[in-house]
Structure formats: structure tokens, C-alpha cells
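Here the structure of chain L is known, so what remains is to put chain Z in place on it, guided by the hints.
So the sequence lines, in the order shown, correspond to chains L and Z. Numbering of the first sequence is given in numbering that gives the first Met the number 0, commencing with residue 0 and proceeding in unit increments. Numbering of the second sequence is given in numbering that gives the first Met the number 0, commencing with residue 0 and proceeding in unit increments.
A couple of the hints might just be wrong.
[Claimed, not checked] Straight-line C-alpha distance at most 16 Å; calculated EDC-like pairs for lysine to aspartate or glutamate:
id, chain 1, residue 1, chain 2, residue 2
1, L, LYS204, Z, ASP122
2, L, LYS58, L, ASP79
3, Z, LYS82, Z, GLU95
4, L, LYS58, L, ASP81
5, L, LYS204, Z, GLU124
Because the hints were derived from the structure by calculation, they are not lab data.
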Amino acid sequence: MAEVEEANKPLFAGLSDVSISEDIPVEGDIAVPVSSRGTEDEFSTLDEPVKDTILRDLKAVGNKFVHVMYPKKSSALLRDWDLWGPLLLCVTLALLLQGGSADSKDDGGPQFAEVFVIIWFGSVIITLNSKLLGGTISFFQSLCVLGYCILPLTVAMLVCRLVLLLVSSGTAGFIVRLIIVTASFGWSTFASTAFLADSQPANRKALVVYPVFLFYFVIGWMILTFSPSS
Amino acid sequence: MSEGNKNTNTEPWGGFDDNLIQRGGSAVIDMENMDDTSGSSFEDVGEMHQRMKDEEEVTAEAAATEEEGEGEPGEDGEFLGMKGIKGQLSRQVADEVWRAGKRQASKAFNLYANIDILRPYFDVEPMQVRNRLIESLIPVRMINFPQKVAGELYGPMMLVFTLVAILLHGMKTSGTVIREGTLMGTAIGTCFGYWLGVSSFIYFLAYLCNAQITMLQMLSLLGYGLFSHCVVLFVTYSVHFHSLFYLLWLVIGGLSTLRMVAVLISRTVGQTPRLILCGTLAALHMLFLLYLHFAYHKIVEGILDTLEGPAMPPIQRVARDLPNTVTVLNATMKGLTAGATAILTQ
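Looking at chain Z on its own, in the form it has when it is part of the complex:
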């Protein structure tokens, strides 16, 4: 038997004994290799190979064959070992690729889709929101000291959505046949575009004019300024008096503009920068309200005309319950256009 063992030592697969001893000795090393994240490392491949061979060797030893065993299980062992190696290798590679991909994806997800980044900006109480809404209509007096601007996004976002809802409500009360989808898209695009776009533009100007205001504060300031727009539009869509709109536009729009302007002035140094910054903001703010009341309806009607085309019976187009506004609006626009033409031709 010892001769057999010696013989096995000399046989091709007798080397398994050596490998067995090595494997037993290198078990600790293999564990370290397994901890190493280099997936397709040669040591792992070798370890797999050795494990396959070891299984075959155990099988062979259980049968206790030597020569014929060498012929069949030995070859089978080697053959299975090769297939096994390839299978194991490909499986391991696939496993590693999957694990690496999953790690990357979860890292990216935690980085970008982590809404906890925005959580501090939504940390408000209803009282605070209400107070800030009211304060947005009260101009501050002290402009020599930088005024505090709350950096929150809940109030502005809700105001933008409210403005969208009010614009749609305005469509409804005017009684036109509406295709909600396009109007919804236009309303959302207009309101969000104004909030984000004008904020960015004023922030850029503030950067040029060396004003001390952050982007978040600018978004917040302008967002709360939309409160005046919401109020004015809501009232004028419910009560259709034209002169009332002008009055509200001046008073409420003006108050809100004054507040924003005062805050900006308190954070800017120098006459010219103050003038540039505040002039731009005031102009954009007031003109936006004007646009929403007058031109937005016109643009919407333009969309309706384009989409519904000549198939639209004309009677539906004038089915509006705002004859006063229409007449006055037409008169105003005609007057303005005539005036502009007169000025240009002179």
C-alpha cells in the first residue's frame, strides 16, 4: 500500500497529494485571496482548479483505484476539471461584474437620487410659511443692513404650482373649449420657466454686481414674490373688472416688487449695481404679471386656433363670458398698436 502510495506519488495525479498538502497549507492564503476583490485572480483560478482536482481525487481514493482509476476518473477528473474551471471562471467573472456594477449603481443612486440633499430646504412649519407669505407683501425699511432671506423651497414650489392651477382655472372661467393637455404643459412651462429662469438671470446679475445673495435665497425670494401674482390673478379671474386689475397690479405687484428690491438693495453696494439689479427685477416681475393677465390668454387662443383650425365653428370661439374685458382689451391693444405705429412712423 505504501508502494501504491509511492506509486501514486509518482503518477500524474499523484501530484494531487502535493497539492493537497499545499492546499491545506494555503487555506489561509486562499481565504485572503477570496477577500481580495480582484475577481479573476490567478490564485482563485488555481484554487478552483485545485478544488476540482481534489474532489476527483477524493472520488478516486474512495474507489481506491490506481492504474485503471488513473485511466478513467483521472482523465474524467481532468476533463471535468477543465470544464469545471471554465464554468467556475466564467461564473466568477460574471459574479464580479455584477457585484461591481451593483456597487457603482448604488453609489450613483445614493449620490444623485438622494433626496436628503434637499431635506434641509423643506424643513418648515406651516406658521413659518404663512408668515413668509405675508411678509412678501411688506417692504422692509432698513436697507443699510443686509436683510435676512430664508432659504427654503417648499413655499416657492407650492406657489408655482398654485399659479399653474390658477392659470388653468382662468381658462375654465373664460368658457372656451379647452384641450387641457397643451394648456397644462404651457402653464407649467411658463411658471416654472419664469421662476427658475429669472432667478438664475438675476443671480447672474447679482454675481456681476457683487451682491451678496445665494442662488437658494434668490429662488426663495422670487418664489415668494409669486404670491402677489397668485393673489392678483385669482381675484381678477373671479371678478372680471379691468380697472380692478390695473389697480391690483400696481398695489400688490408693487408691494411685492418693493420688498424684493429692498432686500436686494440691502445686500448690494454702490448706486449703479443697485440700479441695474433692482431695475431688472422690478421690470421682469411687473411685466410678468401683465403678461399673464393679457398676453397669456392671447397665446393660448393662438394655440387653440392653430390646433383646432378652420374646423372649429366660429360660435365656440367667442363663447366667453368676458365681453367687457374683450372690448376693453381690444381697444387697449388697438390703441397701443396705433400709438406705437404712430411713434415709429414719425
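Next up, chain L with everything else stripped away, as it sits in the complex:
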């Protein structure tokens, strides 16, 4: 027994010096953070200043705006889809449509919600329709395209409001607004068709374009019938 103890004591002493029981588990644990440090470069956007993040997103959104205004057959909208642009446009349009007919008390809230719901619900229905018809585009890509192509209509809304400010809401103003809204509605439909129709089988493009046409027609109708409180 004494031999055993003597044999154990130097061993135990070595243990106390080395304190392996602390090192060995820690080695195993350190192995995990090391691997995550490698991926930390990808996640380093968490540490950058908020301004950088916002500017980068805004640049991406602006880039897509340019693609919508000059629709060529590019895949920028489809490849890096994001829903920030549609959200911005939807909120802007809903806010602009809200300033009108504000003479009743329970205005404001439902109108904003109605525009919001119509735009997003309409987009979802069109997306489902195009998927059911055999489209190869994904759900969110389609939402992205439809949302971004509301840009011409939003611009038309701004112009219409200017027209209503400058010209009284008479027939001349109505005709000017009608022309503007029709042009922007055609532009929106054409722009979204340029992106969406490519993903469909060739003979079914008309089936997909028609609901898009209806959707932008309804939004255009909402813009056209907007009249501010006098």
C-alpha cells in the first residue's frame, strides 16, 4: 500500500502541476470557437456600423429601381431578390393615397391597410397563379419583381398629386392624370412581364400576364380616383 502511495504521490504531484483536468476539456472547447472564427468573416457585417448596412441595402434597392425603370432582360432582380424595395414602395404609395378625402372621421387607418393588403395579397395570388401554371420562378422572387414594378405607379402618384396641387381637379386635370396613370400602368406591366414571362413555358405567357395586367389596373384605378381633401 505504501508502495502504491509512493508511486501515486509523484504522479499526483505531476497532476497538480500540469492541472490537466483544466486543460484537456478546454482544448476541446477551444476547437469549436476556432472553427467559428473562420466563419466570423462572413458574419462580420454584424460589427460594422449601421450606416454601412443601410447604405449597402439602399444601394441594392436603388440598383433594382434602375433595372425596373429601364427594363432589359437582366436577372438582377431575380438573382438577388429582396423585399425592402417593395415594402418601401408599398408604404410610400399607401401613405400618398391616404392624404385624400380626409373629411370623414374614420379615414386614414383602413385606407392604408387596404392598400397594403391589396398589394401584398394581389402579389401572392399572382405568384401562386404563375407557379400553378408551371413557372420556374420562386415565390419570393416573384413577390420581389411584382413589388419593384410598382415603382412607375408610385412615380405617377407623385406626379398626380403635383398636378392636383397645381391644377384644380377639373376635366383637364383628370385627362392629364389619366394619361400619366395609363402610361405608368403600361410601363409597370411591361416591366414585370419582362422579368416574369421568361420563367414560363412559351405558350402560357398570356395566362400569366393577364392577372398582372389586372393587378396594376386596380392599383392604377386607385391612383386615378384619388382626390385630395379640398
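Frame of chain L, contents of chain Z only:
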């Protein structure tokens, strides 16, 4: 050393050797246990326990201590083992719950949100849709043989949305100050409600009258019947002649009704069932068109009156470019009301 080993065999944690041997032997069994989806099974717990103990035992053996090692790492080993067991157990339970929940959710999603269920009903070509639109206005002649009804949903759905758009367009051309949101909701509700509700009702009647038509076919038939409504309303909102509406109502509405009625007759046996079914469908179809042209505007105006209240300057209310229609409409309604009152009082 062998004595030490023998001693370790007799020490409390000397049993680890036995467990080590058992664990080595039961590695295969443990794998089977791991494949078993009973998450918190006792074997797993035991296996975790053994693994923790084994780690501690390896640590202890690396230090090659026996008695003092038994005191500290042994106790530490046991202590860590308990914490480790609890941590492992809770982690495993949480993991299992998460996996089970995810499996359930994906199963439910694949079952209900699977739009592939609807995919066959949208499998159409533009030519087919156009042909069916035109055919919906052409009554069939052969009623002794069950007529083929295409079961697709693309055409009907697009027609319902088109009808909604035309109703809104009708609001615009009448020039009233509009609050789009409420009108949109009303228009969508009316059109979809008609399509789905009347289809279901006629399908129910068809079930009672023993007609051979499925729900899908009924939806499709009625949906394509809305084409006549779309045409009539579109024309009358663009060209505001009152008598033109009546003419179109009879001709185009009648043609579409005749087609639907003929298809139903060809699929029903017996005079009375045919009469019931087709009479109901014809009445609802024609009356809906009448309602859309006349009463829908009135209902809409009622909403406008309610919402805008007395604050609305009266001049805006009559700012409509349909004075003829208004006069004739008022005359018609007054005449009808007077006639009805006369009949009732007599």
C-alpha cells in the same frame, strides 16, 4: 501496478473498467439505441452517463492517480457527470421535441399548403381558355347526352377578378368621390361570394336532384357563365344607354344562362329535378346581373352616405355623368315601388 489495477477494480470508480468493457461491447447496441427515435430512453441516458464517466476515467488514468485521484477527479467526475447528465438529458429532450415538432410542421405543410393539389386544375393553354370563353355563350343543342364540362379553375378565377375590376371601373366612370378600400372589399366579397356561394348551392341542389355534376365542374360552369356578366357590364359602363342594358341583359345573359341550363339538363333525369335545378340557376344568374347593374350602385351609395355622413357637401353627391340613367332609374324604381305597393294594398 497490477495490484493497483486490482485496487481500482475494487474502488468505486473501478467499476468504470467494467463499464468500459461493457461500453465497448455495447457500442453496437448503443448505435441501435441512437437510431431508435425514443429520445429520452434510459439506454441513452445510461450511455451519456457512461460516456461522461469514461472521460473522467481517461483523465484520471492519464494522471495515473488512484487514491487521491479517487478523491478529487473521482468526485469531480461524478459531480460533472451529474451536471453533464442533466445538461445532456435536457439538451436531448429539447432536441427531440424540436425534431418532432419540425417533422409535424413539415408534414402538415406538405399536406395543406401543397399547391400541387391545385396544379391539375390550372393546366390550360390560352387557346383553350379563349375557346371556352366563347363556348360559354353558345347553348348546346344535344341534351340527351351528358355534355362535357371542363374542370379548370384558371378561367373562372380570372373572370371573377375581371368582374371585380369592371365593377371598380364602373365606380370610377360614375364620377363619385370614392373611398377605394371599402368598395374594393365589397366588390371582391360580392363577386367571390356569388361564385363560390351559388356554385355550392346549385351543387347541393344537384345532389338532391340526382344530377351528375361534380363541384369542380359546377364551379367551372358558373365561373365561365360570369363571362356574360363581364361583357354586359363593361359595355354598359362605357356606353350609358339604359335600354341597351336591358337588351344585352336579355341576349347575352340569356345565352349564357341557356348554355348552363342545357348542360345541367343533359346531366339530370326527370322533369321535376330538371325544372328545379335549371329554374334556380337561371333565376340567380339573371338576377345577379340585374343586381350588379342597378342595386350595386345603390348599395355603394348607401355606404358612401353612411361613411361620409352629413359632412359631405351635397354637390359632390350628384356629381355624376349619368343623368339619363339616374332619371330613368328613379322613374323605374318609383314605378316598381308604386306598382308593388298597389298590388299589396289591393
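Okay, the hints, checked on the actual structure:
no.: 1; hint: L:LYS204 with Z:ASP122; verdict: holds, 13 Å
no.: 2; hint: L:LYS58 with L:ASP79; verdict: holds, 12 Å
no.: 3; hint: Z:LYS82 with Z:GLU95; verdict: violated, 20 Å
no.: 4; hint: L:LYS58 with L:ASP81; verdict: holds, 12 Å
no.: 5; hint: L:LYS204 with Z:GLU124; verdict: holds, 10 Å
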